[in-house]
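2 protein chains.
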Amino acid sequence: MARPRKTGKLRTLAKFATTPEPPYYAVIFSSQRTEGDNGYRQIAERMVELASQQPGFLGAESVRGTDGFGITVSYWASAEAMAAWKGNVEHLAAQEMGKQKWYEHYELRVAKVERAYAKPSA
Amino acid sequence: MARPRKTGKLRTLAKFATTPEPPYYAVIFSSQRTEGDNGYRQIAERMVELASQQPGFLGAESVRGTDGFGITVSYWASAEAMAAWKGNVEHLAAQEMGKQKWYEHYELRVAKVERAYAKPSA
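Residue numbers (numbering that gives the first Met the number 0), protein chains in the order written: chain S, 0 to 121; chain H, 0 to 121.
Isolated chain S, as found in the complex (with noise of 0.2 Å):
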């Protein structure tokens, strides 16, 4: 289970995330951020918090560049798991800001994990 800490001003996850044995979900979000905050930050840390209290979830990694292009990905244990926080009520109006103000182009892509590695072997 991923622990959220404090780094800096700004609550976070691990950088990886702690899975168990496959299968479990997966949802890639690969994003390009408009220009300005446009209360991006408050609400994407607001997010993360709300996200780790859900039922299924199991953790998340997340990446952006300096030229506003992200990929995060969350880990789930069910297609319901998922479908809860997709519908939770918080999560629909910045879902709502995301589309309006903060992202020029976004791919979202629910998958299925069907195999893991890693190093150092778990």
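Hints are computed from structural coordinates only; laboratory data are not their basis. Treat the hints loosely; a few may be bogus.
[Stated by the list, open to error] Pulled a few chain H residues facing chain S out of the computed Cβ check, cut under 7 Å: (1) K14; (2) E60; (3) V72; (4) E106; (5) E113; (6) R114; (7) A115.
Even for Gly, the Cβ is constructed at its ideal location relative to N, Cα and C.
Given the coordinates of chain S, assemble chain H onto it according to the supplied hints.
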């Protein structure tokens, strides 16, 4: 199909992969680089070129932060296409270099994409 393009000195793919309707496969590679280049950049560039020539390669998306943590997701038409790339001789040598020199830690997850959404809509 992702088109390699020149960006500065590094040959890279377009930021967003243009993928077909699901199902298809995703290889999610999260990694923490070691200090120093150790031949990484040149080989990474070569792997992008080589992967994009593989049958069944659909595209890739990649970001690395200034702290050396990165996520690369490559997309493949079939399990057979992924297996062929995994077993490519030049790629096998690069994988070994990755384990020995370039990555302090990595997680590689193979997943089947079941659904996809985008803004702007496809």
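Consistency of the hints with the structure:
Residue-level restraint check for K14/H holds (minimum Cβ-Cβ distance to chain S is 5 Å; threshold 7 Å). With 7 Å as the threshold, the beta carbon of E60/H comes within range of chain S, its nearest partner Cβ sitting at about 5 Å, so the hint holds. A distance limit of 7 Å between C-beta atoms decides the matter here; for V72/H the minimum to chain S is near 6 Å, and the interface restraint holds. Checking E106/H against chain S: minimum C-beta separation of about 5 Å stays under 7 Å; hint holds.
Given hint, E113/H at the interface with chain S, holds; its Cβ is 6 Å from that chain's nearest Cβ, closer than 7 Å. Taking 7 Å as the C-beta cut-off, the interface hint given for R114/H holds, the closest approach to chain S being about 4 Å. Annotation: A115/H was flagged as interfacial toward chain S, and the flag holds, the nearest CB pair being 5 Å apart, inside 7 Å.
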